[in-house]
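**Student:** Okay, here's what each chain looks like letter by letter:
Protein chains: 2
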Amino acid sequence: MTLEDVARSAGVSLATASRVLGGTARVREDLRERVLAAADRLSYIPNAHARALAGSSSQVVGVICHDVSDPYFAGIAGGVMRAAAAHGLLVMLASTFRDPAQEVAYLSMLRAQRARAILLIGSGFEDRAWERAMNAELEPYLRSGGRVAVVSRHRALKVDAVLPENRAGGAALARAMLDLGHRDFAVLSGPRTLTTVADRLAGFREALAEAGVELPDDRIVEESFTRDGGYAAATELIRRGVRATCLFAVTDVMAVGALAALRDHGLRVPQDVSLAGFDDIPIVRDLTPPLTTVALPLAEMGERVMALALRETRGSRARIERVGGEVILRPSTAPPRRP
Amino acid sequence: MTLEDVARSAGVSLATASRVLGGTARVREDLRERVLAAADRLSYIPNAHARALAGSSSQVVGVICHDVSDPYFAGIAGGVMRAAAAHGLLVMLASTFRDPAQEVAYLSMLRAQRARAILLIGSGFEDRAWERAMNAELEPYLRSGGRVAVVSRHRALKVDAVLPENRAGGAALARAMLDLGHRDFAVLSGPRTLTTVADRLAGFREALAEAGVELPDDRIVEESFTRDGGYAAATELIRRGVRATCLFAVTDVMAVGALAALRDHGLRVPQDVSLAGFDDIPIVRDLTPPLTTVALPLAEMGERVMALALRETRGSRARIERVGGEVILRPSTAPPRRP
DNA sequence: GCGCATTCTGAAAGCGCTTTCTGATACCGT
DNA sequence: ACGGTATCAGAAAGCGCTTTCAGAATGCGC
Chain A
1 MTLEDVARSA
11 GVSLATASRV
21 LGGTARVRED
31 LRERVLAAAD
41 RLSYIPNAHA
51 RALAGSSSQV
61 VGVICHDVSD
71 PYFAGIAGGV
81 MRAAAAHGLL
91 VMLASTFRDP
101 AQEVAYLSML
111 RAQRARAILL
121 IGSGFEDRAW
131 ERAMNAELEP
141 YLRSGGRVAV
151 VSRHRALKVD
161 AVLPENRAGG
171 AALARAMLDL
181 GHRDFAVLSG
191 PRTLTTVADR
201 LAGFREALAE
211 AGVELPDDRI
221 VEESFTRDGG
231 YAAATELIRR
241 GVRATCLFAV
251 TDVMAVGALA
261 ALRDHGLRVP
271 QDVSLAGFDD
281 IPIVRDLTPP
291 LTTVALPLAE
301 MGERVMALAL
311 RETRGSRARI
321 ERVGGEVILR
331 PSTAPPRRP
Chain B
1 MTLEDVARSA
11 GVSLATASRV
21 LGGTARVRED
31 LRERVLAAAD
41 RLSYIPNAHA
51 RALAGSSSQV
61 VGVICHDVSD
71 PYFAGIAGGV
81 MRAAAAHGLL
91 VMLASTFRDP
101 AQEVAYLSML
111 RAQRARAILL
121 IGSGFEDRAW
131 ERAMNAELEP
141 YLRSGGRVAV
151 VSRHRALKVD
161 AVLPENRAGG
171 AALARAMLDL
181 GHRDFAVLSG
191 PRTLTTVADR
201 LAGFREALAE
211 AGVELPDDRI
221 VEESFTRDGG
231 YAAATELIRR
241 GVRATCLFAV
251 TDVMAVGALA
261 ALRDHGLRVP
271 QDVSLAGFDD
281 IPIVRDLTPP
291 LTTVALPLAE
301 MGERVMALAL
311 RETRGSRARI
321 ERVGGEVILR
331 PSTAPPRRP
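Line by line, the protein sequences give chains A and B. Per UniProt numbering, the first sequence starts with residue 1, numbered consecutively. Per UniProt numbering, the second sequence starts with residue 1, numbered consecutively.
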């Protein structure tokens, strides 16, 4: 079933049928209706490939994230899909499972698909080779008219970005904990080669330093960026006998694991130790105790990054939108027990 | 940068370059290398549209689900992506946000994209018009060689399917609760027009009936399929003064909301009331108390439905794979308090 | 050293669509 | 009633690739 069939069945030329279905130009009303009727009658489905090839448009945007099944990315992806739907776009979603090489590979595939825009969601890697490879893909893509926007990347790329207030959020959280009276901290960290982690940690540390509180390196445990990573990190801290009154997990997902580990070791939150996370994924308010965290408007971030990628932008420079960073105090943090 | 440029730069014909890059036929070693070198030198990126148009392959599979940001779908989507990556496929993911019309629209878009396979994830709707529209899209797609596989649909569609043991799981859960000594039940239900809900409910009810236990309709509260829906449903039950000793939320996500509602109303789980869910999304084991539920291997379901869609299948009939259904007893359920 | 079978390469025909470009038709003023 | 200007339909040229089809080059046996 091709356009030609439709045209023939409607008794008009191929060009006219194309104009009607594409809405490209004015066509006399009666012809228009005949074409539409024919298309309907034959249940014609246009071939997106032929369209893209001839026209060079493409109704597809590509999204690359670390892992869709992680609530953080799932939340952002939800926002992206909503925005895409509003524009009649299709989304190609790829999970790299945190493998830099996969990310480059997907980028290249999305280029081959002539995606109208490419969104990179989630932390970049501190890795020179990866960075070079990414830029080698991105730069020609941009030059060929592709649009790129990112969430949570470092500034190496000169593209539009939605930037969570990682550093400021970390700092705000630290101040909030200091205000509660805490002086002994420990951090459950993800891989520090991820910019997101580095930023959150840096902000947290700086705010502590400003208050004259040290955060020695042995108070930072580095584990994978998952629930089990959080569990392992908290367990390790306990094993080491670290006597902190407040734990900061750099993501909520890790905090969930940490909470389980603390409970399993007979520590009560917040009576024995306070625990805070980062992201405000939906579930954390339903934990027991509900988790103090730094809020990020996940779905909105997805919508905004999509909007950035779609905006007309001939010549204007990269736009940065900062979001979130507000501390949400919940019962998982409390003043430290008087010794 | 087209294949022609590569061919010219390598000093071979277009056809030869195509054969080398497509791996379609044997090409003399030295020519092969020259083509590869030229492609690399020019950082050639093939045009997937031209490829699909000429060849009729397509490296893309389409996935339609209700909502990626829901942990249930996110988990399955994770499995799908993993399987897709293993086959070098790209995934177009669409969220319908539970709108049947959207589902049909996406199906049509994916057809236009000539997706190699289309996966429908999640409950179907009990809606004749929708069913007709879906079949009208699906049938020609299948006839044109497209592959379709589903997770959790009813049998109206004659396609490969991964079917969670909704009915059997509901029944098994009911029996487990009966074994604990419960006789007074209430159900926090999602829209019963969704086949998934209907099946879980039916299984649950049947098993109760077999034990001579009634589940009157006023013990079933129907709310939206979300955390807040669960909260609302539990609140409504409390408002009505229903004195059940065991609550069954038809999805874990609803159970999360229900747990919050119960706590907010001063009811302890499981001392005052037992609560069970369905799906075993990752978070529920970290709730307080950890939630009894019926396990579904989400990621595996994603991988299997992808495998079904990809298998060679000239002529063979639709294959059904049943998964999950095992009751996981956790502390959210306990014997009822002796009155 | 010749003929034939066997690879392998190149020319060319599409795949289904968009978009000039050209030509036909209708409409306006005078 | 006529030339000139808008409108609008149709023919045809690609978009970048795959894949026949036919022909060139190679290898083999005798």
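Simulated from the structure, these hints should not be mistaken for laboratory data. Do not take every clue at face value.
Pairwise CB distance ranges (calculated) [as the list claims (entries may be wrong)]:
hint	chain 1	residue 1	chain 2	residue 2	range
1	A	Asp30	B	Glu139	31 to 39 Å
2	B	Leu42	A	Glu4	29 to 37 Å
3	A	Arg285	B	Arg239	21 to 29 Å
4	A	Arg41	B	Asp99	39 to 47 Å
5	A	Thr2	B	Asp5	26 to 34 Å
6	A	Asn135	B	His87	24 to 32 Å
Calculated from the model, a selection of chain A residues having no Cβ within reach of chain B, i.e. all distances over 10 Å [stated by the list, open to error]:
hint	residue
7	Glu29
8	Glu33
9	Arg41
10	Asp67
11	Arg111
12	Ala129
13	Lys158
14	Asp184
15	Thr193
16	Asp286
17	Pro297
18	Val323
Think of the CB as a built atom: it goes at the ideal place given N, C-alpha and C, for glycine as much as any other residue.
**Student:** Now tell me, hint by hint, if it's right for this structure.
**Tutor:** Here's how the hints hold up against the structure:
1. A:Asp30 with B:Glu139: 31 to 39 Å: Holds - the Cβ-Cβ distance for aspartate 30 of chain A and glutamate 139 of chain B, about 32 Å, lies within 31 to 39 Å.
2. B:Leu42 with A:Glu4: 29 to 37 Å: Because 35 Å falls inside the window, the suggested range holds.
3. A:Arg285 with B:Arg239: 21 to 29 Å: For arginine 239 of chain B against arginine 285 of chain A, whose Cβ atoms are near 22 Å apart, the range 21 to 29 Å holds.
4. A:Arg41 with B:Asp99: 39 to 47 Å: 27 Å, violated
5. A:Thr2 with B:Asp5: 26 to 34 Å: 29 Å, holds
6. A:Asn135 with B:His87: 24 to 32 Å: Given range 24 to 32 Å: holds, Cβ gap about 28 Å.
7. Glu29: 26 Å, holds
8. Glu33: At about 21 Å from chain B, glutamate 33 of chain A clears the 10 Å cut-off, so the statement holds.
9. Arg41: 13 Å, holds
10. Asp67: 7 Å, violated
11. Arg111: 5 Å, violated
12. Ala129: 17 Å, holds
13. Lys158: 20 Å, holds
14. Asp184: 25 Å, holds
15. Thr193: Threonine 193 of chain A clear of chain B: closest Cβ-Cβ about 22 Å, beyond 10 Å.
16. Asp286: Per Cβ check, aspartate 286 of chain A is inside 10 Å of chain B; nearest 5 Å; violated.
17. Pro297: 13 Å, holds
18. Val323: Valine 323 of chain A is indeed farther than 10 Å from all Cβ atoms of chain B, at 17 Å.
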